[in-house]
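Turn these sequences into a full structure, and let the hints steer you where they fit.
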Amino acid sequence: MNTSDPRRPYVRPMAGWWRRNPFFVEYMVHEATALFVAAYALVLLVGLRRLAQGEAAWNGWLEALRSPVSLVFHGVLLAAFAYHCWTWFRIMPRTMPPLIFGGKRVAPGVITACGVAATTACSLVVLILAWGATR
Amino acid sequence: MAETTGNGKVVRIEVLRYRPEQDEEPFLQGYDVPFTDDMSVLQGLQYIKDWLDGTLSFRWSCRMAICGSCGMMIDGEPRLACKTFLRDFPAGTVRVEALAHFPIERDLVIRMDDFLAKLERIKPYIIPKEARTLAQGEYLQTPAELDVYEQFSSCINCLLCYAACPQYGLNPEFVGPGIMALLHRYNADSRDGAAAERMEIAGSEAGVFNCTAVGYCSEVCPKHVDPANAVNQNKTRAAGDYFLRFITPKGGAR
Ligand code: SF4
Ligand code: FES
Numbered sequence: 001m002n003t004s005d006p007r008r009p010y011v012r013p014m015a016g017w018w019r020r021n022p023f024f025v026e027y028m029v030h031e032a033t034a035l036f037v038a039a040y041a042l043v044l045l046v047g048l049r050r051l052a053q054g055e056a057a058w059n060g061w062l063e064a065l066r067s068p069v070s071l072v073f074h075g076v077l078l079a080a081f082a083y084h085c086w087t088w089f090r091i092m093p094r095t096m097p098p099l100i101f102g103g104k105r106v107a108p109g110v111i112t113a114c115g116v117a118a119t120t121a122c123s124l125v126v127l128i129l130a131w132g133a134t135r
Numbered sequence: 001m002a003e004t005t006g007n008g009k010v011v012r013i014e015v016l017r018y019r020p021e022q023d024e025e026p027f028l029q030g031y032d033v034p035f036t037d038d039m040s041v042l043q044g045l046q047y048i049k050d051w052l053d054g055t056l057s058f059r060w061s062c063r064m065a066i067c068g069s070c071g072m073m074i075d076g077e078p079r080l081a082c083k084t085f086l087r088d089f090p091a092g093t094v095r096v097e098a099l100a101h102f103p104i105e106r107d108l109v110i111r112m113d114d115f116l117a118k119l120e121r122i123k124p125y126i127i128p129k130e131a132r133t134l135a136q137g138e139y140l141q142t143p144a145e146l147d148v149y150e151q152f153s154s155c156i157n158c159l160l161c162y163a164a165c166p167q168y169g170l171n172p173e174f175v176g177p178g179i180m181a182l183l184h185r186y187n188a189d190s191r192d193g194a195a196a197e198r199m200e201i202a203g204s205e206a207g208v209f210n211c212t213a214v215g216y217c218s219e220v221c222p223k224h225v226d227p228a229n230a231v232n233q234n235k236t237r238a239a240g241d242y243f244l245r246f247i248t249p250k251g252g253a254r
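Chains as they are written, first to last, in full-length UniProt numbering: chain F, 1 to 135; chain H, 1 to 254.
These are computed hints drawn from the structure, not numbers from a lab.
Computed from a predicted structure; not experimentally measured.
Among the hints, a few may not be true.
Calculated cross-link-like contacts (lysine-lysine; reagent style DSBU-like; alpha-carbon spacing at most 30 Å) [to be verified]: (1) H/Lys49 to F/Lys104; (2) F/Lys104 to H/Lys129; (3) H/Lys123 to H/Lys9; (4) H/Lys223 to H/Lys123; (5) H/Lys123 to H/Lys235; (6) H/Lys223 to H/Lys49; (7) F/Lys104 to H/Lys9; (8) H/Lys223 to H/Lys235; (9) H/Lys49 to H/Lys9.
Here are a few chain F residues that face chain H, going by a calculated C-beta distance under 7 Å [stated by the list, open to error]: (10) Pro9; (11) Tyr10; (12) Val11; (13) Met14; (14) Arg19; (15) Asn21.
The C-beta atom is built at its ideal place from N, Cα and C for all residues, glycine as well.
As structure tokens, this is what we get:
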């Protein structure tokens with residue numbers, strides 16, 4: 001509240017703003033999924049460190065990845081990644097200049113669908129390569 | 001007329017009131033308003049002012065979603081009161097508050113000085129790229145050149161996008177979605193030549209990089225301006241200008 005102004009305009013507090021509207025709650029949830037991306041980067045970093053420490057350490061890390069806790073954790077990570085990816089491409093049409101194709105603007109839904117399709121395709125390629133390399 | 005609304009339906013309109021000369025802080029006051037299915041929330045407020053409580057203050061003018069005066073929070077969402085209908089609140093109550101993120105002047109009236117100052121700063125008019133005499137005729141534009149900025153020219157300065165933008169609420173220095181939509185409207189116009197000047201504002205500390213792509217501004221815009229798109233297109237441009245100044249002798253935007 002501004003007391004130096006005789007008109008006494010009332011400034012409302014912002015505390016807890018993200019709980020005021022379902023749209024903001026969803027925004028916070030999809031932003032929070034970025035933490036899961038960071039968590040997985042940490043898992044990989046630990047793996048790299050174990051690799052540098054020699055074969056026994058590396059095998060220990062691989063063993064830890066196979067534990068039930070780790071499998072559940074990876075399931076959760078995958079779900080969070082999928083959601084993160086979907087929300088990322090959902091906002092993408094709003095973040096780019098108009099895409100003109102054949103004299104017409106490409107619809108936002110098409111841009112989102114292409115993004116999701118490209119991610120799915122890349123993920124499958126990586127999965128197949130990794131599968132082949134570890135057999 | 002209002003006093004003869006006679007199909008027996010009544011809606012309770014709860015209004016966040018603030019009378020600076022007597023209230024320390026805003027409070028909710030409820031009014032029972034008889035209504036018909038064709039009545040907007042604005043008409044409900046007008047009924048209150050005409051028949052129940054003449055001290056209630058709110059802004060309106062066109063009552064047809066074009067003047068941009070009647071923006072308010074209706075059940076927590078930024079909306080135009082003249083474009084929102086009382087029949088759409090089947091629970092029988094609707095809460096109306098002044099637009100979020102702006103200081104309340106009185107009741108549902110907000111203070112928009114900040115927006116107006118920013119609007120002036122971006123020079124919201126065409127500054128011709130090349131001077132032409134009358135004899136040379138008009139500045140021509142192709143349909144494709146029009147298409148680039150047309151949607152952004154639909155902005156009615158209603159400020160709903162500001163009430164939808166938490167980043168503006170947290171930091172009122174941020175130029176915000178509506179101003180960026182207007183800035184882009186002129187920068188993207190093929191007849192205009194002042195883009196570099198306006199980009200100083202877009203790329204400044206108070207500029208586009210305050211945006212975290214919440215995207216709600218574009219959801220609530222009653223004119224399908226897509227202000228989030230204007231903000232984000234200019235993130236790319238401002239970043240480009242920043243790096244360009246290292247490699248071009250005169251610099252990009254600065
Ligand atoms: S961009 Fe849309 S919501 Fe924002 S001020 Fe303009 S018309 Fe209103
Ligand atoms: S009264 Fe003009 S926009 Fe609602």
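Q.
Would the hint on F/Pro9 be counted as holding, given a Cβ-Cβ threshold of 7 Å to chain H?
A. At about 4 Å, which falls below the 7 Å cut-off, the nearest Cβ of chain H leaves the hint on F/Pro9 intact, so it holds.
Q.
Tell me if the straight-line CA distance from H/Lys223 to H/Lys235 falls inside 30 Å.
A. It holds: about 23 Å lies between the C-alpha atoms, which stays within 30 Å.
Q | Hint consistency between F/Lys104 and H/Lys9 [alpha-carbon to alpha-carbon, up to 30 Å] | A | Between F/Lys104 and H/Lys9 the Cα gap is close to 48 Å, so the pair fails against 30 Å, i.e. violated.
Q. Should the interface hint for F/Arg19 be scored as holding, given a Cβ-Cβ cut-off of 7 Å against chain H?
A. violated (11 Å)
(Q) Quick check on the hint: F/Tyr10 CB to chain H CB, less than 7 Å? (A) holds (4 Å)
(Q) Tell me if the interface restraint on F/Val11 is satisfied: Cβ within less than 7 Å of some Cβ in chain H. (A) holds (5 Å)
Q) Does H/Lys129 lie within 30 Å of F/Lys104 when you go C-alpha to C-alpha? A) Satisfied, since the Cα-Cα distance of roughly 28 Å is no more than 30 Å.
Q. Regarding the pair H/Lys49 and F/Lys104, is the alpha-carbon distance no greater than 30 Å?
A. violated (49 Å)
Q. Does H/Lys223 pair with H/Lys123 here, judged by a C-alpha cut-off of 30 Å?
A. Holds: H/Lys223 and H/Lys123 sit about 22 Å apart, inside 30 Å.
Q) Taking only the CA atoms, is the gap from H/Lys123 to H/Lys235 under or equal to 30 Å? A) Holds, at about 19 Å.
Q. Do the alpha carbons of H/Lys49 and H/Lys9 lie within 30 Å of each other, as the hint requires?
A. Roughly 19 Å separates the two Cα atoms, so the pair holds.
**Q.** Given pair status - H/Lys49, H/Lys223, alpha carbons within 30 Å
**A.** holds (28 Å)
Of the numbered hints listed earlier, those contradicted by the structure are 1, 3, 7 and 14.
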